[in-house]
Amino acid sequence: MTMQATPGQLVGQRVRRREDPRLVKGRGSYVDDMKLPGMLHLAFKRSDVAHGIIRSIDTSAAEAMPGVELVLTGAQLAEIIPPMPVATPFPAPDHHAVTPDRVRYVGEPIAVVVATDRFLAADAADVIEVDIEELPAVIDPERAANGDPAVIHEAFENNLAVPFAPAGTGVNPETLEVEDESALNEAFENADVVVSQRMFSQRLVPNAMEPRGVIARFEPGNDELTVWSTTQNPHIARTLLAAILGMGQHQVRVIAPDVGGGFGSKINVYGEDFAAAAISRDIGRPVKWIEDRSEAFMTTIHGRDVIGYIDLAATGEGKVTAVKMRLIADIGAYEMVLTAAIPTLVAFMISGVYDIPVVRAELTEVFTNKMPTDAYRGAGRPEGIYFLERAMDMLASELGMDPADVRRVNFIQPDQFPYTTAGGMVYDSGEYERLLDQALENAGWEQMKADRDAARAEGRIVGLGMSFYTEICGFGPSAAMPTVGLWEHASVSVERDGKVRASSGASSHGQGHETTFAQMLADDLGIPMDDISIIHGDTGQVREGTGTFGSRSQVVGGTALLMASGKVKDKMRVFAAQMLETQPGDLSFSDGMIGPTGQEDTGVAFAEVAGFAYIPIPLPPDTEPGLSEEAFWEPEGFTWPFGCYITQVEIDRDTGELELQRFVGVDDCGNVINPLIVAGQIHGGIAQGVGQALTEEAVYDEGSGQLLTASFMDYQIPRARDFPRFELDHTVTPSPLNPMGVKGIGEAGTIGSTPSIVNAAVDALSGHGVEHIDMMLRPEKLWRLIQGGDA
Amino acid sequence: MTVPISVTVNGRAHELEVEPRMLLVHLLREELNLTGTHVGCDTSQCGACTVIVDGSSAKSCTVLAVQADGGSITTIEGLSAEGEMHPLQQAFWDEHGLQCGYCTPGMIMSGVDLLERHPDPSDDDIRRGLDGNLCRCTGYEHIINAVKSAAGGAE
Amino acid sequence: MIPSAFDYQRAGSIAEAIALKQGAEGDARFIAGGHSLIPLMKLRLAEPSLLIDISGIPGLSGVSEDGGRVSIGALTTHAELESDSVLLASAPVVAEAAGEIGDQQVRNRGTIGGSLAHADPASDLPAVVVALDASIHIAGAGGERTVAAGDFFSGLFEVDLAEDELITSVSFDAPSQAAYAKLRHPASHFAIVGVAASLTVEGGVCTGARVAVTGASTHAQRLGAVEEALTGSSLDDDAIAAASAAADVDDVNADLAGSEEYRQAMTRVFTGRAIAAAAAR
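Protein chains in written order, with the working numbering: chain A, 1340 to 2130; chain B, -6 to 148; chain C, 9 to 289.
The hints are simulated quantities; they were obtained by calculation from the structure and are not laboratory data. Where is the CB? At the ideal position from N, CA and C, for every residue including glycine. Do not rely on the hints blindly, as some may be mistaken.
To give an idea of the interface, some chain C residues facing chain A are shown, with a C-beta separation under 7 angstroms as derived from the structure [stated by the list, open to error]:
hint, residue
1, I10
2, S196
3, G266
For each label pair, taking beta carbons as the anchor points, the in silico distance ranges come out as [what the hints assert, rightly or not]:
hint, chain 1, residue 1, chain 2, residue 2, range
4, A, P1360, B, G145, 16 to 26 angstroms
5, C, Q30, A, I1392, 46 to 56 angstroms
6, B, S115, A, R1361, 30 to 40 angstroms
Sequences are here, hints too, so could you generate the full structure?
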């Protein structure tokens, strides 16, 4: 079997997306667009208190309302489905789809109404009366870790979901116990400079523009369940739904139609999904639930919320000798599918792009009365890179060094790859200094500094920021998530007319798989892109899969497709060789022809070989008719893209309003399949990273536990007017771990942009004695610092 | 109670009986099966539901169907004839002005209003003109390129 | 999200609107553009039993000027205000403030009458009409009456408007020099603080000033100390700084977008900006 990526005509081109004609014409098909005959609608009665014991629920008024078919309390639902699954190795408390006894965050489902239309269902949910004995709301994770003011789950003393998880130098990777403190202690004792800072990567709300939704249709006649879901990973959803419902995987089909963004928030299978499936099975009718934005704020997973106590030791020349991060993750009220695993990724990032001999991360995860956290774009890597890149800037400031220089002297060098960090991560490839130089040149760094200084001389508050990120992409291998498996599946079928139907378990929700995968296969098979259809997002049509998250689709899914394509080509060579009376090994694919390498045009048409494969007279020896192959592929390690973001900000002295004036970025995600799509991914990533720095923060009231930022009236995802033009460029350092040399780009912008902007704001306010500012950079906070007060 | 209304949607006249509380977006989506208009929030912020009502853009989640009585509405489905693309639709495709596509119909309908007011818009005109539309995928850069390109300006 | 159920009537005239309101049981409300009311109804923070649609009443829309007196019909939309040629010539402050409201879609539907009657503490136009010393023209069962804008806003969502009354128009003398400056809430686009200043300047000396703030407190209100400090001043930088430093508001709002202290400070900053912009007009 051949597995060489052939440099072709389409890979690397700015090919317009094939998804777009339907989407720009309003002809997409999202879950809420679908109606089924006999369909009923769900609405959930939700807790309006953060923490309490349910004393009683009166559903009688709701049941009496017109159009209401059924009302189920959490206790009643718990009789037909068990608690929800978790896919991390950490112990987790029971988490029911609809809570049967206690409420632990505002918005937690208490009861579900089934009615003939969604508005009648909402009306009925409104009149359900719930008597809750309130308990103190646990909001501050550091207090929570002492059981103060209450314990949320009796089995988890002091609210500790993960009491202590160390990693890095001196930690036994098998037992996860600290065995040796000497290297760490020595590094800090011998350091010329130590930088220490408490930092906070605040809680964020993912806010994909399409809220979540589900339609579940159980067909009693044949015991089959079909679920249309706004999921990023229909196969995982299928597995979890089947498990919870006690059904076989073969009886459950999950379809992700057009999905309106996910950013990690649609990895999970949520309580509403399990409830819908269980209710449909119970009553034998299709049911639908569509989330309101208000519900999305309260009850779709949140991201980040990690406090980091960062200590960095360095020499007087700026060489970092040790980094220690004590991390406290506020994971909210329960564990969702990956909740407890996400903060462990923060620890994996501790070295960043630097050759640091000694590292130590110590993680504690704490329950609070908030919506659970889970993967949100970047998922652990933004927190880690933010902590490290802030600390690097603090070091530069402490030593009076240029932020570029302090990074330069610490870079892992090209000849060190594959590089193993002191924390045990293996980096595939990187050429950091070249990219830094490119970024400095593109930005005009020296001129920027001169301009900044000139602006300051006029009394303006201008600052420059820099960050240099790497990140973990292309998840797996499976060992990285032993409860799920992190391979991908693909199939490639050449139909008898020479057209190709290919499928991938990676499930696009905006990434453009239908385009990039087709580009890749068109080159590999030497046929036009229009002759290839890409199928994804349906477990009934795509036999197996893992899904789209962790910047893995092109790396893992793309490679699986290339492998399946390779298998089909091998078989086509056998048929073609018989037709051409030559040896299969001599044959190549180009321009719709299969023929001797370099002279493909003298061979036989691709479509002709396809036709022959289905009517093979005579059938070549030891060969089955037909052309349909599949492949599973699992990477041997992560890929590590990297990049540098340089920003300029100006702060209004009177109001504290911050204007992002320049954004210069250079990214390296290895080889690029479609530069247009890669640019789009970077832009969107940057926007979300800028959002974290400047405009986004989920705030729960300390006393009541109410979510104070529960709508777009109070929680600002960035708008068009919040950005300057992005000035972007890239270098190419292929990954050696996959045949296309790709690394993944879905999360890079989010990871790199946040620290650059905070660094710029701190630089701007350095004249005011500011050394660090916690996000988000509210105008009032900056104004107070300008006034000389505490933020 | 229900109220009789007559509305012209994408050039086609409809006589309907609606509950007063029915929002225009639900009339379009549920009654007329024009599902290209999306709902992205419940506080009139995101603009995913933007349509053209009597010549100017409106958030159809913040208009009661009864308020549209006698009015003329254009949705994303009616922006171009079958098989064709409006210049904005074409430009969003050409410039990769969308990813998940959920905000896109509303974004394009806002673009229609924007180009009426600013036939040759600057970046700033576009950024301000799209202030009522949220996109979580694109960072807006390609959307701005698309609107500019649709206006005939080279980027 | 959908409102609770309610009844709906269209009024073809002011008299009919008032009669419907008088005859209604429960919580009846007038609706024009609906851009203040419908969002609250969707969240079920408002659950009226009857909506009386006044948007079709003829003669309540548009801007006119007669002998220096500008009149704006209650149903005029913010978008119409923003681009109205009469306003751009005679009272650009109104167009400017209207252009700062919400976003294009909201401005296309929202009306000046609805905005003033709803009196959201953070909406823009109340500050402008107070600074312009506008008259609010009201029709009701008891006939027509006029209230000075400065007396119209009395508290949080509280205005001088009886149950059976509605605003028909707003009128004011074209200001000689007026401007509006706003610290915009980044998410909602409402005013964290917004200040409108209207100045009369003769021979380089300010002979009259009306300055009003919105967003800072329960309702739009004049900044009397600022007005006093401005009157008789030369409107140079020092005079503006001194006058804006006198800005002081009671019952200051506080939320995540700004504490009391910040809003007080921003009231001073935007007072200074509005005055400077007005002085430069």
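Mind checking the CB of I10(C) against every CB in chain A and telling me if the closest is under 7 angstroms?
Hint on I10(C): holds, closest Cβ of chain A at ~5 angstroms, below 7 angstroms.
Regarding S115(B) and R1361(A), is the given constraint of 30 to 40 angstroms on their beta-carbon distance met?
holds (31 angstroms)
Range hint 16 to 26 angstroms: satisfied by the CB atoms of P1360(A) and G145(B)?
holds (22 angstroms)
Proposed interface contact between G266(C) and chain A, which counts if any beta carbon pair is under 7 angstroms
OK, holds: G266(C) within 7 angstroms of chain A, min 6 angstroms.
Should the hint that Q30(C) and I1392(A) are 46 to 56 angstroms apart at their CB atoms be regarded as holding?
holds (49 angstroms)
Chain A contact restraint for S196(C) - C-beta distance below 7 angstroms:
holds (4 angstroms)
Hint compliance for this structure: every hint is met.
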